[in-house]
Structures are given as structure tokens and as C-alpha cells.
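Put chain L on the given structure of chain P with help from the hints.
Residue numbers (the numbering used here), protein chains in the order written: chain P, 3 to 119; chain L, 3 to 119.
Wrong hints could be hidden among the right ones.
Distance condition first, Cα-Cα at most 16 Å in a straight line; then the derived EDC-like pairs of lysine to aspartate or glutamate [unchecked claim]:
| # | chain 1 | residue 1 | chain 2 | residue 2 |
| --- | --- | --- | --- | --- |
| 1 | P | Lys70 | L | Asp100 |
| 2 | P | Lys70 | L | Glu19 |
| 3 | L | Lys70 | P | Asp23 |
| 4 | L | Lys118 | P | Glu78 |
| 5 | P | Lys70 | L | Asp36 |
| 6 | L | Lys62 | L | Glu19 |
| 7 | L | Lys70 | P | Glu19 |
| 8 | P | Lys62 | P | Asp15 |
| 9 | L | Lys102 | P | Glu89 |
| 10 | L | Lys62 | L | Asp15 |
Quick caveat, the hints were computed from the structure, so don't treat them as lab data.
Protein chains: 2
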Amino acid sequence: MADRTLQMTLLYDFYGELLTDRQRELFDLYYNEDLSLAEIAQQYGISRQGVRANLMHAEKTLLQMEEKTGFAAGFEQRQSYAARGGEIIRTLRESHGDEKTLAALDELERILDVMKG
Amino acid sequence: MADRTLQMTLLYDFYGELLTDRQRELFDLYYNEDLSLAEIAQQYGISRQGVRANLMHAEKTLLQMEEKTGFAAGFEQRQSYAARGGEIIRTLRESHGDEKTLAALDELERILDVMKG
Numbered sequence: 003m004a005d006r007t008l009q010m011t012l013l014y015d016f017y018g019e020l021l022t023d024r025q026r027e028l029f030d031l032y033y034n035e036d037l038s039l040a041e042i043a044q045q046y047g048i049s050r051q052g053v054r055a056n057l058m059h060a061e062k063t064l065l066q067m068e069e070k071t072g073f074a075a076g077f078e079q080r081q082s083y084a085a086r087g088g089e090i091i092r093t094l095r096e097s098h099g100d101e102k103t104l105a106a107l108d109e110l111e112r113i114l115d116v117m118k119g
Numbered sequence: 003m004a005d006r007t008l009q010m011t012l013l014y015d016f017y018g019e020l021l022t023d024r025q026r027e028l029f030d031l032y033y034n035e036d037l038s039l040a041e042i043a044q045q046y047g048i049s050r051q052g053v054r055a056n057l058m059h060a061e062k063t064l065l066q067m068e069e070k071t072g073f074a075a076g077f078e079q080r081q082s083y084a085a086r087g088g089e090i091i092r093t094l095r096e097s098h099g100d101e102k103t104l105a106a107l108d109e110l111e112r113i114l115d116v117m118k119g
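The shape of chain P in the complex, shown without the other chains (with noise of 0.2 Å):
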């Protein structure tokens, strides 16, 4: 998959609400369908150029989004750090064997496990 598909359909998951129906249909269909342009506009008895335009306009919405509020960057953050968190945790769960130990310690793990959503 090209990073530039890869970068949107991240962004369409934290802001793809914020479009409107329509350009989530062609979102959907070009994105995650994997349909090409040409496809598309049959589909929708428009051309391929006003596909191609809706589409970038989409686009464009997702990146101002990301720009002003940052929230996708955070969450590629959360999951970084919580993945550190969880090898921290196996570490200590084979030094340590006492059952209270081992149930804070899942517990931290369901934790980190939740913050990085």
C-alpha cells in the first residue's frame, strides 16, 4: 500500500466524520474499495476529473485537520510509547513471580493498552 494511501485512511479514521456523505462514499470506494477513478465515476454518473476533485478536496480537509489539531500524530505517539510500556512489563513480570505483582502488572498492561486508543 503507498504511504499516501496509508496517510489517508489514518487521517479518514480520526477525521472522516468531519466530511460530508458524499465525500466519504468516494473516500470509501477509492480508498479502502480500491476502485479506480474512471470506476468510480460510472458508478456515480459523473466525470472522472469531478471524482478526482472531490476526492482532493477530502483530502485537503483531512490534512488542514491533522495540521491545526495534531491528533493523529498523537495517537502514532500513544502506540510507540505504549508498545516500550508493554516490553517494560514483560521485563518485569519474568523478574518478578509473586501474584500480586503479576496482577499489577496486568493491569498496567490493560492500561497502557486502553490510553493508546
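Showing chain L alone in chain P's frame:
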């Protein structure tokens, strides 16, 4: 501070960048500087009703953004999970005195602190 003010200033921290410059100025004077509608109206040479309409529009934008994305709710949830994680870490510190474990717990605490933001 009224609940409404607390809610609005929290949402403003998240979505303030999405308001117009004028909306941000009025919002800041009203919610942060605690000026009255009449005082703001005088300062800008517009009507009190004009100030109120502008503020209400800004508030609506902030509320809609939260309704559609839920980022502020996610933030508050992370604060509370991080607080619980901090408690667990403090309890673990009390029962494990070895340097390696303490260093690991320190790092976990820093991770929670970054992830809650």
C-alpha cells in the same frame, strides 16, 4: 468556574485552531479574561448581540467537533487511566526496592505521563 465555562475552555484547547481569528479573540476575552458581553462589544465597536452571536457560533463549532471526533472525551479518559496507573506504580515501588525494578517503574511512570497528554 461554571461547568459550562470549564467545558468550553477544555474544548477550546482541543479545537480552538478551527475557529476564525475573530472567534478566538472573542472567546478568549469572554472565557479567559472574563470580560462581559457589553465590555467586549464596546471594545470592538459592535453590538452586544453581535458578540453573543459570534460566541454562540464558536461554541457550536466546538461542540460539534467534539460530537464528531470525541478527542476531548478520550483525553479525559486517558487522564483518569493514567492516574490509576500512577497508583499501581506507587504500590509496586513500596514492595520492590531493587534498583532495576525501580528504574523500570520510573520509565513506566514517564510513559504514562506522556501518553495521557
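Hints versus structure:
Restraint check for lysine 70(P) and aspartate 100(L): not satisfied, since their Cα atoms lie roughly 45 Å apart, outside the 16 Å limit. With a CA separation close to 6 Å, the supplied pair lysine 70(P) and glutamate 19(L) stays within the 16 Å bound. Only pairs whose Cα atoms come within 16 Å are accepted, and lysine 70(L) paired with aspartate 23(P) is accepted, the gap being roughly 13 Å. Note on lysine 118(L) and glutamate 78(P): the hinted pairing holds, with a Cα-Cα distance of about 13 Å set against a maximum of 16 Å.
Between lysine 70(P) and aspartate 36(L) the CA atoms are separated by roughly 26 Å; this puts the pair beyond 16 Å, and the hint is violated. For the hint pairing lysine 62(L) with glutamate 19(L), the CA-to-CA distance comes to about 14 Å; that is within 16 Å, so the pair holds. Restraint check: the Cα-Cα separation between lysine 70(L) and glutamate 19(P) comes to about 6 Å, which is no more than 16 Å; the hinted pair holds. For the hint linking lysine 62(P) to aspartate 15(P), the alpha-carbon distance of about 15 Å falls within 16 Å, and the restraint holds.
Restraint check for lysine 102(L) and glutamate 89(P): satisfied, since their Cα atoms lie roughly 14 Å apart, inside the 16 Å limit. For a cut-off of 16 Å, the pair hint linking lysine 62(L) to aspartate 15(L) stands: about 15 Å separates their Cα positions.
Of the numbered hints listed earlier, those contradicted by the structure are 1, 5.
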